[in-house]
Structures are given as C-alpha cells and as structure tokens.
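Here's the letter readout for the chains.
Protein chains: 2
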Amino acid sequence: MEKVQLYDTTLRDGMQGENLFFSPEDKVKIAKRLDDAGIHYIEGGWPGSNPGAAHFFELAKKIAFKQAKVAAFGATRRPGISCDKDGNLAALIDSGAPVITIFGKSWDLHVNEIMDNSLEENLKMIRESVAYLLDQGREVMYDAEHFFDGYKANPSYALDTLEAALDGGTRTLVLCDTNGGSLPCEIEEIIRSVMEHFKDRPGICYGIHTHNDCAMAVANAVNAVHVGATLVQGTINGYGERCGNADLTAIIPILAVKMKKDCMSEDNLKKLLNLSRFVSETANMPPVNSRPFVGKSAFAHKGGVHVSAIMKNPKAYEHMDPVKVGNVRRVLVSEQSGKSNIIYKAEELGVDLGDDAVKQRQIVASIKDLEDDGFEFDAAEGSLKLIMEKLTEQYKSYFDLESFRVVVEKDKEKPCYSHAMIKIRVGKTTEITSAEGDGPVSALDNALRKALSAMYPQINDMHLVDFKVRVIDGSDGTDAKVRVLIESRDTDNIFSTIGVSEDIIEASWQALSDSFQYKLSLEHQTPS
Amino acid sequence: MEKVQLYDTTLRDGMQGENLFFSPEDKVKIAKRLDDAGIHYIEGGWPGSNPGAAHFFELAKKIAFKQAKVAAFGATRRPGISCDKDGNLAALIDSGAPVITIFGKSWDLHVNEIMDNSLEENLKMIRESVAYLLDQGREVMYDAEHFFDGYKANPSYALDTLEAALDGGTRTLVLCDTNGGSLPCEIEEIIRSVMEHFKDRPGICYGIHTHNDCAMAVANAVNAVHVGATLVQGTINGYGERCGNADLTAIIPILAVKMKKDCMSEDNLKKLLNLSRFVSETANMPPVNSRPFVGKSAFAHKGGVHVSAIMKNPKAYEHMDPVKVGNVRRVLVSEQSGKSNIIYKAEELGVDLGDDAVKQRQIVASIKDLEDDGFEFDAAEGSLKLIMEKLTEQYKSYFDLESFRVVVEKDKEKPCYSHAMIKIRVGKTTEITSAEGDGPVSALDNALRKALSAMYPQINDMHLVDFKVRVIDGSDGTDAKVRVLIESRDTDNIFSTIGVSEDIIEASWQALSDSFQYKLSLEHQTPS
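Chains A and B, in that order, are what the protein sequence lines are. Heads up: the first sequence is residues 1 to 528, going by the UniProt record's numbering. Heads up: the second sequence is residues 1 to 528, going by the UniProt record's numbering.
Fair warning: there could be bad hints in the mix.
Identical copies go unnamed one by one, so any copy, or any two together, can satisfy a pair.
[As the list claims (entries may be wrong)] Listed below are the simulated DSBU-like cross-link pairs for lysine-lysine, each with C-alpha atoms no more than 35 Å apart in a straight line:
1. LYS414 with LYS428
2. LYS324 with LYS152
3. LYS481 with LYS390
4. LYS296 with LYS3
5. LYS271 with LYS396
6. LYS270 with LYS260
7. LYS61 with LYS368
8. LYS152 with LYS3
9. LYS368 with LYS423
10. LYS258 with LYS152
11. LYS61 with LYS85
12. LYS481 with LYS412
13. LYS414 with LYS359
14. LYS29 with LYS481
15. LYS345 with LYS312
16. LYS324 with LYS296
17. LYS423 with LYS450
18. LYS270 with LYS69
19. LYS414 with LYS296
20. LYS481 with LYS69
21. LYS450 with LYS296
These are computed hints drawn from the structure, not numbers from a lab. In this text, all values refer to a predicted model and were calculated from it rather than measured experimentally.
I would like the entire structure built from these sequences, with the hints used as guidance.
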C-alpha cells in the first residue's frame, strides 16, 4: 500500500473562514485530537502574522504528540533583503516548530502586478529562504501558491519557481490551487507535466492544496493522489476562506477505503465523525447534516423502497459501511415511509415495540396518524422516541405541567416585552417560577429551566441551538397549523423535538417540553 | 459551442433531502423560477408515489412555460404484468407531463437480491415500458439507476439494460451514480466504454446523474460532460437524499463560464444567486454561506493582503467575476456593490430614488445595513418597497400603533388560549379592539383587522397565506435573532413582508403590520 501523508491546516487556513475563530487554547485541544486520529502534520498558524498564532506554538512545545509534527507557516523573505534580516523568517524559526512550510509566488501576474517585484528576485527569494530554514535544521516544505493558475499563464516560469525551491534543498513541493478555480482534468494534466519535467530529480514528494470554489476541492485533491501526489493538505469539515479548503473528513475515507492508500489506520478512521463534531463544536459552527461521510444525514434513508432494500442488503443504497468512519445508518420516518422504517427506527432508538404483530401495527398506525397531522419525525427523533415510549407504556415523565401564562406587551415603537409564569409538578413538589425572555418562547424556556434546575441540575448543560417554525398548510393565514422544530444540544448529544398545533406557543411548548423530557431521560441512562 | 441540456430534479430527488418539503404550490413557484432562468427540463415528482406529486402536475398544466419542459418520474412496469395493467405507468401518463423519465435497474444485485426478479424479465420491463410510453406520444428519457455500480459489478449486463432502453426506442440514456460512491476517474472511464460500445448507434444523448456522498457530485457531473455527456441532472443548492445531489448552481457556471458550453445565457446566469436564495427560502433552509458561486462568502476576502491584491487586480484571488452569477465581491473596504440591483429593484417596485448620487448611496447603504441585520429582501419585496419609501420620505402610514398586549394561557393538557388587545390610531381616531386567535400572532392579526376594518373595509379581502420563522444565528437558543416572513394575498396580488428581531412576536408584528400597510398602499393606487 502506497503511503499518503495528511497535512491539516484547520488551525491556519481553516481559520480564514468567515465567522471562524480559534483561541490558542482551542487550537491546542484540536491539535491533540488531530494527533490522536493519526494526522501526520498539523499546521498551527502563521507566527509572523499575529500574536495568537505565536502563542499557540509556545503551548504546542509542551505537548508530547504521538506522531504528528507541528508546522509553522509563513512567506519567503521580502524582496531585496537577506534572509537573516527578515522578521517573518525569524518568527518562523522562533516558533520552534519542527516543520516549516513557506509559500512563494508561482504566478508571474502576482510577482509583477501585485508584488511589483522582478521574476528573478522572486526565484532568489524562494531558493534562499528554503536554504536558510534548512540550515536551521528544520524540515522545510515549499507551498507553491497559485501554482495551477501560474502554470496556466506561464508554465516555464511556474516550473522555475519549483526548481528554485528544489535548488534551495527542499524535497516537498506542495502545488496549490489557491483560488479554487481549477478543474480535475486540469489538475491532473498539470501535475503529470510537472512530474515529467522533474523526472530526473529523484525523491520529490508532491503535495496538493485545493480550495472549494468550484465544489471540486475534494475531487482535485483525490485526483492529484491518483496521478502520484503523496501529501494532501486540507481542513476538518472543509473550513476555510470563501467556499473553504479541501475537506479532510471526505478525503481521508476516500483515500483509505476506496483507493486503499496507507494514510490512516482503521481504528483512527472510526474517530472521524467525532473529530468533525469536536471541531465544529469548538468553532461554534452548526454541523452540516449533509456533509459527506460524517454528516448526520450522510447515511440516512428516506424512501420506503430504499429502506426495504437496505434491510435486504445495505450495499443496495449505501456506497460504504458508515461504521468505518464512526457514523451510523439512519432510517428517516416520513410521509412516504412504511412499517419497516418504523420498526427499524424503534430498534435504533432503543425502544422495544414488542413481538405482538397486531400491537405493532397499531403503533405504526398511530405514528402515521401523527404524521398526517403534520409531525415530521425524520427531523425530530427525540420526540419520536418519547412517542414510541408513550405508545408502549415505557414512558416516564420527569415533570408535569400545571399551567403557564405568557404576556407580551408593546408600546408604540418600543420593542416587545415578554414574561412567563409557569407552574410544574415533579412528584409531590410543585414549583412556580417566573422569567423574562426575548420573546414568549424564550421567556417560557427560561421559566421552565428555572423551575426544573433545582431538582435536575443536569439541564444546565443543555441549550437550544435551533428553532424553526413552518406553516404546514399555507391556506389559512395565521390560523394555519404550524410545526415547530427545536434542536438542542448538551456536551455529548444533539437531539431534535417537534410540536404541531394551530397555536405557535402550543407547538413551541410541545417541542420545548419534549426537549427537556428527552434530555432528562438521557441522563437517566448514564450511571450516576 | 456544444449544447448541454440542464435537467432539474429539485422538486423530485431534491425533496428526498432530510427536512425538505415542498407543497404543490411551492413547487409551482419554484418551477416558474427555474423556467425563467432557462432550465430545459423540470422534473416535478413521482406521480405514482403520493397525491402531492400528482397535484403538482395538475397545477403545472395551467402554466405557460417559456421554454422548460415538465417531466414526470417513475419506475418501469412491475415484473410479470403488461404495461397497460401497471398503475405506476398509468399515473405517469395521467400526469399529462410532456416528458416522462423512467428508471430501471442496471445492477444485477438489485435485480436478483432486492427485486427477486430474473435478469431477462428486467430487460423486458425496461424495453416494454420505454416503448409503451413512447407510443403515448411522450418524450421518454431512461434513467439507468445504479449504472456505475452495476457496470463495476457486471459490465455486460449493465450494457444490456441500456441496450433494452434503446431497443424500446428512447435516445436519451441517463447514467446514474445513485449511491454517490464513484470517483471521477471511474465515471470517466466507464462513460468512455459505454460510448465506445454504442458507437454504431448514432444520435444517443448521454445524461449524467450524480450524488455527493464522496463530495464529488459536481466533479463527476462535469467530468461526464468533459467526456461527452450532453445532459446534466441536478438540483438547486444540491438538495437531495443523504449528502445531496449534484448542485446545479455550481455545475452551470462551470459549464458555461469555464468550459464554454452552451447551457445557459449570460443574462440567465446572473439569476443564479437569486434562484438559489429563492429555493432555500421556499424550503425554509438556511442558505449555506460557503456554497460555491452563490454563497454569501463565495467571493468574500478576509485577509488584508488578499484585499489589497484584489484591488490591484481581482484575478489575483478570484477565480471568476462574481457578477456573472449575480453574486458580489465582499471585502472589508466599503463597497458600492449591489447599488445597481437596488436601483433596478426600486424602479421595478415603482419607487423613485431620485437623481442625487450621494442620497442614492445613503439609501443603498441603509438597505445593506438592514440586510446585514438579517433582513432578506429578496423574499420580502413588500417590506422592501415600504423601506425604500421611508428612506425617500415617500412613505404614507395608514395607521399607527399605540400599544398591544397579548396573553397566552395554558392549563395542564388543555390547548393554549391566546387573546390580544390592540390600540391603534388612524388620523385623529383611536381604535381599541380585542380578539382571540389560534396563537398570539393570529390573535394580533384578528385584533388589528378588527380595528382597521371600520375605516378600511378593503382589508377584508386580504389574508395571510404563509408564515415562516427562522432563527438567523443558530447559536443562542431561544434568545437568537429570528426572521419572520409573511406572505399575504388579496384578489389580485401576492406580497411578502418581513420582520427581524430577537423576539418572535416583535418580528411577527413588523411583518404583519407591513403586510397591512402594503395592502393599504396598493388600494390607494387603484382608482376607487
């Protein structure tokens, strides 16, 4: 099996993504997880560009990584000075990182128009910077920025820049599609030409760095490996500037499982889903359900035909066993679904529907009635579990509502003001609490939380992450039936609940109350 | 320029996506936008599978499309019966759709293991079903389900299934990577083999249908065109089961701009961004900022180096001019982008922004600020018009709010009870009314209607037809900012209004109050 090295740049290029920020401490946590999953290189930042990046390298020195090497990123020296006078190179050395990745300009347009530099001086900058850093005893990689655009514009100059890096002494050339505009066939053809050009210089490791502006970052990276690249740069979840970088959570299983490359062990591959969730959680970005391999929907089946086929042979509608990347098959219960979906789903949720076929049919019928009423359980597995428990008398209620009252007031142009009063019962105890909120549901959420937190302190680590309302039947104006979907999360779980009613507050209450009941039922399962 | 036909299946395969649902009326709205953008085929649903799909085809018959042809989707006849006894084929014919796309099994595993059918009978089903539908005078396309997996398992049988479809009389063979597990190099190689195999049968149109399970749906579709496919199936925003279908909003600009294929006019290409937004709004799915070409971040530049380079020459960090797809470059420097859109829009809505360039820039800036706050005016032209009128001092208020109070009460298992009191002023008259409703917004709607109807009887022919709520920033639970979109209609018009606030009632009030103001402003224009 041919070895492919994985180079993660979530902490550097990934952080260029809009709304993305990691503190140095966040970076340390992520770096440990990347190392634990068997990533070979972890690029921690550009130490010359900001103090936060430099701080991470200070912290990283104290970590005993299992195998990962930490890399610092920076530019070649500035034009017209010697390397030992360049602050950026000094910062790279001071970072103490065992690997230094420097980028240089491959595209004559950048050298001439943007840098106002000469083509010769640019080559000298590349050669001298690489040699200078190698002299410091570091492993040096060369990132050829805009290589593919540069090659398309002026192939011989683009090749000269690589030659300069090789002359400086590095053996790792990373070809970058910085603007993300290249197509797989172009990437393939250009890499082949480069390899042909340097075929007399043995031992070169070709790396690939792609962006997703044409929705092709993964395909371009995989195609590069297909023609001989042996190092892949990317980010977890494809985070990065504009449309993002190449998503390692997709590239890794493709290389390991489909192309049989030696890049990550089977055991580590199973950590991919959690790694993806951990990074999105640390970035405070909602996980993308449709994300290949690691998304919640990546192995979710909706159509009844698909589900019954899957039960006969999963290969029928699944390109890979989800377990390999730590994911699970999910069967969605929807309008179109049949009995087989519901029985399968009950098993998955750990609810025993019993063996009585008549009783089973009644349960299925009850769930289908609720679906006809507008409950969309494929988006609300938390509520589906509670309802299955209710239908099979396995439901335990952790609290009961006595009453609530919500008041919303508005005066002229002043914003609305909402407050809620709630009375609940837990066993023999009655709690009456009152709270304000940004809107009636928020006030109700706060009042319920206040009422329950004395008895169930574990609810404090749960919070609502998404709240969606939709009119089911658009024909009756504000009297129409609405569906409220709530997504909640605690430290370990994400769960969704649903409510349906003509009244938005009633529907919200159902979903809200289910989310608390579901959370409390989860806590109950873990040994205390 | 070689022609490539675009086949949209957002309304059928796209709706298989988790949490995705379109009513027949939603589908009509989307179909009109697809047609307006120059999509060649619009697949509306599987009429045999559910009543909602059939209803769309009823509605579609009444639409005069500019160029798009509507397609109905379904399976080949069942084993062991004749075509005229097959309910599914009958439903396809009854749909009245001018194009029928039927899918058949290419993979022997499906025929044998899942269908428990014979390989021979499967070929007959394909041949006879195609012939039967052609006899009805329809254009018939053949979707070869699981073609690439089937070819990998048993190439000669997979080719036999295509041969059966050709023998049935169709000339359009759509090769499907149903499970989304194929790599670009496999797709390329297999399509070349198929083309070689049928090289003596002239006039075959090859289509491609891909899924994104390996993050390669776009690359696979584009690669197929690269080797000679001339029809591409996909969905807007890549919606679809599991990881989604091939995203047409990426494929189209790649084909048109980068590969110079004749698939969409330059003018229509500029509608892509709005089409993407419209479909995500209708689906009530948050638009993905990092989506290639049409995402909010697709041409957003964060780094200062990038920004100054971009100002010297946009090509430096941009693979394409964003204007071509209706998008805009976003940089930290203040920008005039979108100004022309807004001026154009004002003209369309009949608001005179005046000739003063300074004033115009202020108006554009104010609207852009509101957009940054979460107002999405593309889906709320009613509110956009009112805001433009306010900014140009042309706004006439038909009523003013003094105050309102809404109370929601719930007792144990009884449903919620809502009532509202409202005090409004029209000129010198003050009205205080009170009303109940199914929920707080409904109560408020009823109370406002009651207060206004004495003075403005014309509001009685207006009613609310859709009400959508979405959390804009999913990270803050019930405290997060929500956007409420209301669609209203009277006898002649449909108009949409918007409100944004941390408080759902406040946001609802903004949208509700705008809908009444807008309605009254309309009435004012018509001679009475």
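Results of checking the hints against the structure:
In this assembly of identical chains, the alpha carbons of LYS414 and LYS428 lie at most 35 Å apart only when taken from different copies (21 Å versus 42 Å within one copy). In this assembly of identical chains, LYS324 and LYS152 lie within 35 Å of each other by CA distance solely across copies; the values are 22 Å between and 39 Å within a copy. Taking identical chains as interchangeable, the C-alpha atoms of LYS481 and LYS390 lie at most 35 Å apart whether they share a chain (23 Å) or sit on different chains (34 Å). For the identical chains of this complex, LYS296 and LYS3 are intra-copy neighbours only, at 30 Å inside a copy versus 38 Å across copies, given an alpha-carbon limit of 35 Å.
In this homomeric assembly, LYS271 and LYS396 come within 35 Å of each other (Cα to Cα) only inside a single copy, at 32 Å, whereas the closest approach across copies is 53 Å. For the homomeric pair LYS270 and LYS260, the shortest alpha-carbon distance inside one copy (16 Å) is at most 35 Å, but the shortest distance between copies (42 Å) is not. Within a single copy, LYS61 and LYS368 get their C-alpha atoms only as close as 40 Å, which misses the 35 Å cut-off; across copies the closest is 31 Å, which meets it. With identical chains, the CA atoms of LYS152 and LYS3 are at most 35 Å apart both within one copy (29 Å) and between copies (26 Å).
Taking the closest pair of Cα atoms, LYS368 and LYS423 come within 35 Å of each other only inside a single copy of the chain (33 Å); across copies the shortest separation is 44 Å, beyond that limit. In the homo-oligomer, the alpha carbons of LYS258 and LYS152 lie at most 35 Å apart both inside one protomer (31 Å) and across protomers (13 Å), since each shortest distance falls under that limit. Taking the shortest alpha-carbon separations for LYS61 and LYS85, only the intra-copy value of 25 Å comes in at or below 35 Å, while the best inter-copy value is 75 Å. In this homomeric assembly, LYS481 and LYS412 come within 35 Å of each other (Cα to Cα) both inside a single copy, at 29 Å, and across copies, at 21 Å.
For the homomeric pair LYS414 and LYS359, the shortest alpha-carbon distance between copies (28 Å) is at most 35 Å, but the shortest distance inside one copy (55 Å) is not. Within a single copy, LYS29 and LYS481 get their C-alpha atoms as close as 27 Å, and across copies as close as 21 Å, so both meet the 35 Å cut-off. Proximity of LYS345 to LYS312 under the C-alpha cut-off of 35 Å is restricted to the intra-copy arrangement: shortest distance 16 Å within a copy versus 55 Å between copies. For the identical chains of this complex, LYS324 and LYS296 are neighbours both inside a copy (15 Å) and across copies (34 Å), given an alpha-carbon limit of 35 Å.
Both within a single protomer and between protomers do LYS423 and LYS450 lie at most 35 Å apart by alpha-carbon distance, with minima of 11 Å and 33 Å respectively. Proximity of LYS270 and LYS69 under a CA criterion of 35 Å is satisfied intra-copy only: 22 Å inside one chain copy versus 46 Å between copies. When the C-alpha separation of LYS414 and LYS296 is checked against a cutoff of 35 Å, the pair qualifies only between copies, where the shortest distance is 32 Å, while the shortest distance within a copy is 41 Å. Taking the shortest alpha-carbon separations for LYS481 and LYS69, only the inter-copy value of 34 Å comes in at or below 35 Å, while the best intra-copy value is 41 Å.
Within a single copy, LYS450 and LYS296 get their C-alpha atoms as close as 31 Å, which meets the 35 Å cut-off; across copies the closest is 39 Å, which misses it.
In the structure shown, no violation is registered for any of the earlier numbered hints.
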